[in-house]
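Asks: In case you want the letters, here they are:
Protein chains: 2
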Amino acid sequence: MNSSTKGTLYGVGVGPGDPELITLKAARLMSAAQVIAYPAPEGGDSFAREIAKAHVAEAAKEISIAIPMRPERKAAQDAYDVGAVAVRAELEAGRDVVFLCEGDPFFYGTFMYLYDRLAGDFATEIIPGVTSIVACASRLRQPLVSRNDVLTVLAGPMSDEELEARLKLGGSFAIMKVGRHLPRLKALLEKLGLMKRAGYVERATLANEKAIPLAELAEPSAPYFSMILIYDGDEAWKN
Amino acid sequence: MNSSTKGTLYGVGVGPGDPELITLKAARLMSAAQVIAYPAPEGGDSFAREIAKAHVAEAAKEISIAIPMRPERKAAQDAYDVGAVAVRAELEAGRDVVFLCEGDPFFYGTFMYLYDRLAGDFATEIIPGVTSIVACASRLRQPLVSRNDVLTVLAGPMSDEELEARLKLGGSFAIMKVGRHLPRLKALLEKLGLMKRAGYVERATLANEKAIPLAELAEPSAPYFSMILIYDGDEAWKN
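First to last, the protein sequences are chains S and W. In the numbering used here, each number is its position in the first sequence, counted from 1, plus 945. In the numbering used here, each number is its position in the second sequence, counted from 1, plus 945.
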């Protein structure tokens, strides 16, 4: 088969949650897609598909990649192996495939797992999206970084030692994947004197979002889609 | 005047350059705006206005805030003082004002200068946008960060000492505002053994963009809209 008869794989960021934060390009590609693919938690609904629903053509074929929500990485990797086989078949048959990805495809996005498996064999295009970090900053209503500020993006599952080494260097921070790590992260930020500069956001830009100073958060745990932003000491926390 | 009769100030991110990377929400607000405002280099055209041009209503009043391109911060701050007075007059008269901002309003965005001056007196809404960082990653065609990777955002004007202290900690990096700092940054990355993991992007998503491994860049200087991305050592640089 001549390569020009193969389909193109599009990795499309659908943004943080509000369907209006989809880009014009993503909306155009989704509306025209013969085939769309997306990850979904095993037995659950796909958040990316939910964000995109107004733009998916009724006639489009859909490939849902069921991702086991277990900590072992191999189970998820096996699921992407299976999903890549289904996507590959469409591309080989000459059909374009639009893969929907929460946020941005290459910024902590799930698209990379398909990209690793397929980009060597097919034309691929990546459509950047609005990340959860800037969505959270908009909801906390305070500029996150400006001029030559340093921003460091960390993750809740990192150890206290790793987090502390970075936090002590100063600047602004985003801590993603807060979830069940919330009590430990709060204790660490309290110890480092950073609590008064910290904001907390869950489900940014969705109807049930929460965006408050971290110190005011009473709940002992956080949902998966939650983030802590820590503002540089030069800027007062005004929220 | 009752506060409910005042206008609302919208800080709208228009993304990295490709007009199709505007969000649906930004497009809607711009199309409906009676008044739009934007920064422009003194004597030059506004990049944000250029990105947005298809969506600005012909009848809209436009407030161009001319920013002196001198290193002293006071000149730019004086310009935003003047711009804020013009925007304030519209808001007081009950007209909404949509301020256009390259990338995202609160992520190294210019909107913060109006926000600081006006948010205390008027209803304000921030519409996040696609940042240049994820746009650059999409054009280098390599996932920037995944899982629990650390990403640090640095700026070209930082000193070698400041940059080196951060770069030595590992993870992935974005160095913004490369511009005239290019030769110094290349020398530093060479010294630290990071050149083979570095990609270079200028004018991401525009027709005249460049996205290549940094080691292949022959030019001695870079335009203002340029960035270096450094990929984590765990991931091979495939570009």
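Wrong hints could be hidden among the right ones.
Identical chains blur together in the list; that is why a pair holds if it fits in one copy or across any two.
[Unchecked claim] Derived pair list, reagent style SDA-like, types lysine to any residue, alpha-carbon separation capped at 25 Å:
1. LYS1136 <-> MET1103
2. LYS1113 <-> ASP1094
3. LYS1113 <-> ARG1092
4. LYS1122 <-> ASP1177
5. LYS1136 <-> ASP1026
6. LYS1155 <-> ALA1068
7. LYS998 <-> ALA1163
8. LYS1155 <-> ASP1066
9. LYS1155 <-> THR953
10. LYS1019 <-> LEU1137
11. LYS998 <-> PRO964
12. LYS1019 <-> GLN1087
13. LYS1136 <-> LEU969
14. LYS1131 <-> ARG1040
15. LYS1131 <-> ARG1092
Bear in mind the hints are in silico, worked out from the structure with no lab data behind them. Everything numeric in this text was worked out from a predicted model, so none of it was measured.
Asks: Now tell me if each hint is right for this structure.
Replies: Consistency of the hints with the structure:
1. Proximity of LYS1136 to MET1103 under the C-alpha cut-off of 25 Å is restricted to the intra-copy arrangement: shortest distance 17 Å within a copy versus 29 Å between copies.
2. For the identical chains of this complex, LYS1113 and ASP1094 are neighbours both inside a copy (15 Å) and across copies (18 Å), given an alpha-carbon limit of 25 Å.
3. For a Cα distance limit of 25 Å, the shortest separation of LYS1113 from ARG1092 qualifies both inside one copy, at 21 Å, and across copies, at 23 Å.
4. In the homo-oligomer, the alpha carbons of LYS1122 and ASP1177 lie at most 25 Å apart both inside one protomer (20 Å) and across protomers (20 Å), since each shortest distance falls under that limit.
5. Taking identical chains as interchangeable, the C-alpha atoms of LYS1136 and ASP1026 are never at most 25 Å apart, the minima being 43 Å within one chain and 39 Å between chains.
6. For the identical chains of this complex, LYS1155 and ALA1068 are inter-copy neighbours only, at 19 Å across copies versus 40 Å inside a copy, given an alpha-carbon limit of 25 Å.
7. In this assembly of identical chains, LYS998 and ALA1163 lie within 25 Å of each other by CA distance neither inside one copy nor across copies; the values are 34 Å within and 46 Å between.
8. Only between protomers do LYS1155 and ASP1066 lie at most 25 Å apart by alpha-carbon distance; the minimum there is 24 Å, versus 43 Å within a single protomer.
9. In this homomeric assembly, LYS1155 and THR953 come within 25 Å of each other (Cα to Cα) only across copies, at 22 Å, whereas the closest approach inside a single copy is 38 Å.
10. Taking CA atoms no more than 25 Å apart as the test, LYS1019 paired with LEU1137 passes in neither setting, with 36 Å inside one copy and 34 Å between copies.
11. With identical chains, the CA atoms of LYS998 and PRO964 are at most 25 Å apart both within one copy (8 Å) and between copies (23 Å).
12. Proximity of LYS1019 to GLN1087 under the C-alpha cut-off of 25 Å is restricted to the inter-copy arrangement: shortest distance 22 Å between copies versus 39 Å within a copy.
13. Taking the closest pair of Cα atoms, LYS1136 and LEU969 never come within 25 Å of each other, the shortest separation being 44 Å inside a single copy and 42 Å across copies.
14. When the C-alpha separation of LYS1131 and ARG1040 is checked against a cutoff of 25 Å, the pair qualifies neither within a copy, at 48 Å, nor between copies, at 42 Å.
15. Taking the shortest alpha-carbon separations for LYS1131 and ARG1092, only the inter-copy value of 21 Å comes in at or below 25 Å, while the best intra-copy value is 28 Å.
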